[in-house]
Amino acid sequence: MMAKELFPDAQEIRKGRIRIEVEPEKVGEIVKKLKDNGYDHFVMLSCIDWINDGQFELVYHMWSYEYREHVMISTRIPRDGGSMVTLRDLFPQIETYEREIHEMFGVDFIGNPRLGEFILEGWPHMPPMRKDFDTEKFVKDFYYKIPEVKEE
Amino acid sequence: MMKEFELFVGPNHPGVTGNMSYHLWVEGATIKKVETRVGYLHRGFEKLMEKRIWMQNVPLVCRICVPEPDVNEAAYSMAVEDLMGWEIPERAKYIRTIILELARLGAHLLTVGGIAASFGLYTIAQWGVGDRDYILDIFEQITGARVYHIYIWPGGVRWDLPKNAKELITKVLDYLEKRMPLYEDLLIRNKVFIRRAVGVGIVPKDKAIEWGVTGPNLRAAGYQLDFRKLEPYAAYDSVDFEVPYYPKLGEYEVLSDGSDIYTRTAIRLLEMKQSISIIRQALKEMPEGDVILKHPQWFAWKVPAGYSYVRVESSKGEYGYFVVSDGGKKPVRVHVRGPSYTHGINVLERIAPGMNIADFSPTAISLDVCPPDIER
Amino acid sequence: MVDLIALGEQILLLAGMVTLGFAIGMFFNGFARKVTARIHNRIGPPIYQGYIDVFKLFAKKTNISHGWIFDLAALFSVAGITLAFLFLPVAGFTLLSTEGDIFLILYLLAIPALGFALGAGASGNPNAAVGIMRALILMLAYELPLVMVVVAMMIHYNTTSLATLVQMQSGMHWAIFVPVFFIGAIIVDMALQGMLMEKPFDIAIAPHEIASGPMVEFGGKHLGALMLYKMMAIVVETTLFVDLFLGGGVVLSVSQYGWIAYVVNFLVWFALITLVFFLALLINAVFPRFRIEQALKFYWKYDALAALLILIWVFAGVSI
Amino acid sequence: MRNDDWKKVSRLVSKKSLWMVHFCTGCGAMEMPPVMTSRYDMERFGIAPMATPRQADVLLITGYLSIKTLKRVVQVYEQMRDPKYVIGFGSCTINGGMYWDSYNTIKDLSKYIPVDLYIAGCMPRPEAIMDAFLKLMEMIEKGEAIGWKKYHKYYDQYKRNQRMAFSYRLDEVQDIKEDDAK
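Top line first, the protein sequences correspond to chains X, W, S and P. The first sequence begins at 1 in our numbering and counts up one residue at a time. The second sequence begins at 153 in our numbering and counts up one residue at a time. The third sequence begins at 529 in our numbering and counts up one residue at a time. The fourth sequence begins at 849 in our numbering and counts up one residue at a time.
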């Protein structure tokens, strides 16, 4: 069944792009339902930092080769101390995306054992993809301050 | 036999493509466990893109995938066009097709050469890279740059093709067509290569889609799925081409149950032939006209709020751009889905255990793992 | 006194031959790279590149050692291969080859590989350990057909001395013209491909798999010594082939033509080993490498089986 | 004097055989295959890629360096035998280039390891790379490529900068200053 039939309140952005907004608790159930209904390709898991709303938006992208339709399942979690249940059992690649989002945004995925250092190494500051991390200021305060090697 | 030990393949190792590393736990000569270590090339593109205006991001995105930068430009431009609601000129679509296919040819030459080199057949690698240089020459004459072209822009392409483009490209295509039999004889029909590559590095067919395998690797597993057909972009709906997939390997012998290194190599060689045919058609059917929309000064661009996911079929698989705008001058979020993300990490980590260490590097290279699109 | 002078002459001759051997080996390094480059559509390095590389490696300033076994290993390899060279008849020069027989040479050929193994083991790098294991398995693999063909030749010619063998082949009665040994030559050529560590048998040093294997921790002077060993090994192994099947390059009899014979023989020998090496390079350029168990299978299943047939053929021919 | 002559000869010959580490630290590595293969063929000048740092003479930093790679680069550099040379490849090694405001890439390579030669451009053309190698040979012959000596001499300063970069903190600076005060 197509996503429109499964979820009548889904919103069609354009042809072949469906967006569903749901509560965080329902995501697992919906992803499972879509997987069973021909949406067999998990594309990716994105995270968007809506700093003014104080929320992270997690977007689960799925695609059906059969219907040629792309579904984005959006859910919002609080920005501070937000967490989400891992869906790594449904699609293996979700695990990797969760690792990245954990590192880059600081979202905790409950039940994922491989969270930890993934891309960065020894990063002591705030997760860098958060909007309140100012990369330009960091560069000026850090990289430009490292002294040059003085030759006598 | 030897007891268990750990082996690091990379980052400074000839057996990895680019700067990444695999941490292997090995017993004797059999791999027990693999962990892919990435992040050596992390530049924080997605962060930098949020700091720049829409147009400034075009020179950034092409640096995400070095062997095939044009797919990034195309995908990003299409995402912006999608949000803006632009329909680009017909001629620009054809030019994009030509550029993307040339890039695919170059990337496949590099990958096929890489697979051959991982088995020690350096002749193919040398020839492949040498022949790829002629394609870079075309790029240089069209776009002015060898590697990073910054030619495909939101709204079309930067400028029209040069007057002699047709002769230039046809000459190189003729040359490549003449070279193809050499590659076939030396690689795909090479007895030792067949011994090494058949039945090695198998991605289970029933798991391929669930694991997120895309592109030539998916087609080698027996699915005729190609986003150029499924969701046509540029001028792919107006040109006629076939999607080679297992077991339809054309003139190459079907020697295995598919989804192995041999089949993946064969699919890539067949795709190169298709690319040549696509470029020829596009050159012939290309209409006259504008190549770029007359849009406002790009400093003043304000992209309407919305979500857009655009995918293109790169030489490695599905390349997707998820672009979110809040109606401002800068994107809120650009998230890149690189094909290597799944191929290099969860697929490889799952198929490698039980493999001989001699087969590991060829498998990784035949999956066409390109680290910059994993960590960006 | 006379004896001393003769001894001095002998030593000078030996030293000269060894120097010449190394010089030819270094030339072969450049030659190999040039030939490969031409096949790759490239120009390639100058033909004297091998000399420069060895010089540079010995001019390196620091040497990182991994213990005395590591230091000794490189020396071990060079000494072993030099000794093997001395026991070979080279273009009619018998050197020490009247003293030992062919089995001694096969033993001596194994010594450098073991030295190599010791050094690589001492370096403690897992890549080196895997590489050395592969090298030893490969040695085991190619020696079986090689020894069988050699034994067949010994039965046929009724000698165990390589010098005598070369002598018996003089006057263009080369073993390769005997049909059965023509097949034998092909078998040994396959084994030679493994001895030279050229593709499809360069399994031990596979850079894409184990980052150049045993050599992974070698650098500077250690690597220089190792390169010298590898260069000399090319000369020794090709000469062994030429001695076995191509009459050692002896075309003119010394007793008849005097010193001209030495020069001509030397040139013919040089041309022949270059040819044998050139063939190996051509095979090297067009094949990927086997996996180790495939190489073992190749040698023991096809090569050794053919060698066994030759052995039976020759044995039956002699006894009947 | 004789020692000097020997050094001169040694440099004259050694410059003809430069082995570089096979380490793609950044996207500039993309232009390395064309330089190695039939079109440009750098083996003409005796330059060859080597699998491990122990065997190599030249370290090419091909483009931007993330901190994670910098750790490996320092390790590789220290494993190489003297004399060794470093070529900074592309604008990103000079001042950060495209990634001037990226939080994860270093901006000036010479703060962490001594650089003998820079190639400008993003990315440099193969001709530029060849030219750089020829220039490096010239420098070796004249005895100007002395980065490795600098590394020995100012080891403390390089180490301090490396430590700072690895920890993403400037705290190390204070330690040094205190030491100076004592």
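Please note that a few of the clues may not be correct.
[Stated by the list, open to error] Which chain W residues face chain X? A few, computed with CB under 10 Å, are given here:
(1) LYS184
(2) THR366
(3) PHE393
(4) ASN508
[Said to hold, decoys possible] Straight-line Cα separation of at most 30 Å, DSS-like style, residue types lysine-lysine; simulated pairs:
(5) LYS919/P / LYS184/W
(6) LYS203/W / LYS35/X
(7) LYS856/P / LYS983/P
(8) LYS856/P / LYS145/X
(9) LYS145/X / LYS998/P
(10) LYS15/X / LYS381/W
(11) LYS482/W / LYS145/X
(12) LYS562/S / LYS919/P
(13) LYS589/S / LYS856/P
(14) LYS446/W / LYS35/X
(15) LYS589/S / LYS343/W
(16) LYS330/W / LYS357/W
(17) LYS446/W / LYS203/W
(18) LYS855/P / LYS749/S
(19) LYS15/X / LYS184/W
(20) LYS998/P / LYS829/S
(21) LYS998/P / LYS140/X
(22) LYS184/W / LYS825/S
If you are wondering where the hints come from, they were derived from the structure by calculation, not from laboratory data. Built from N, CA and C at the ideal position, the CB exists for glycine as well.
Now the hints, each set against the structure:
1. LYS184: violated, 17 Å
2. THR366: Given a least distance of 8 Å, the restraint on THR366/W holds.
3. PHE393: Violated, about 18 Å.
4. ASN508: violated, 23 Å
5. LYS919/P / LYS184/W: holds, 27 Å
6. LYS203/W / LYS35/X: violated, 36 Å
7. LYS856/P / LYS983/P: Since the Cα atoms of LYS856/P and LYS983/P sit roughly 17 Å apart, the hinted pair holds (cutoff 30 Å).
8. LYS856/P / LYS145/X: violated, 40 Å
9. LYS145/X / LYS998/P: Distance ~22 Å between LYS145/X and LYS998/P Cα, so the pair holds.
10. LYS15/X / LYS381/W: holds, 16 Å
11. LYS482/W / LYS145/X: Status holds; Cα separation ~29 Å.
12. LYS562/S / LYS919/P: Violated, because 37 Å separates the two Cα atoms, which is more than 30 Å.
13. LYS589/S / LYS856/P: The hint holds at about 14 Å.
14. LYS446/W / LYS35/X: violated, 43 Å
15. LYS589/S / LYS343/W: violated, 46 Å
16. LYS330/W / LYS357/W: Violated, because 34 Å separates the two Cα atoms, which is more than 30 Å.
17. LYS446/W / LYS203/W: holds, 26 Å
18. LYS855/P / LYS749/S: OK: LYS855/P and LYS749/S at ~17 Å, within 30 Å.
19. LYS15/X / LYS184/W: violated, 46 Å
20. LYS998/P / LYS829/S: With Cα atoms ~58 Å apart, LYS998/P and LYS829/S exceed 30 Å; violated.
21. LYS998/P / LYS140/X: Within the cut-off at roughly 27 Å; holds.
22. LYS184/W / LYS825/S: holds, 25 Å
Hints 1, 3, 4, 6, 8, 12, 14, 15, 16, 19 and 20, counting from the list given before, are not met by this structure.
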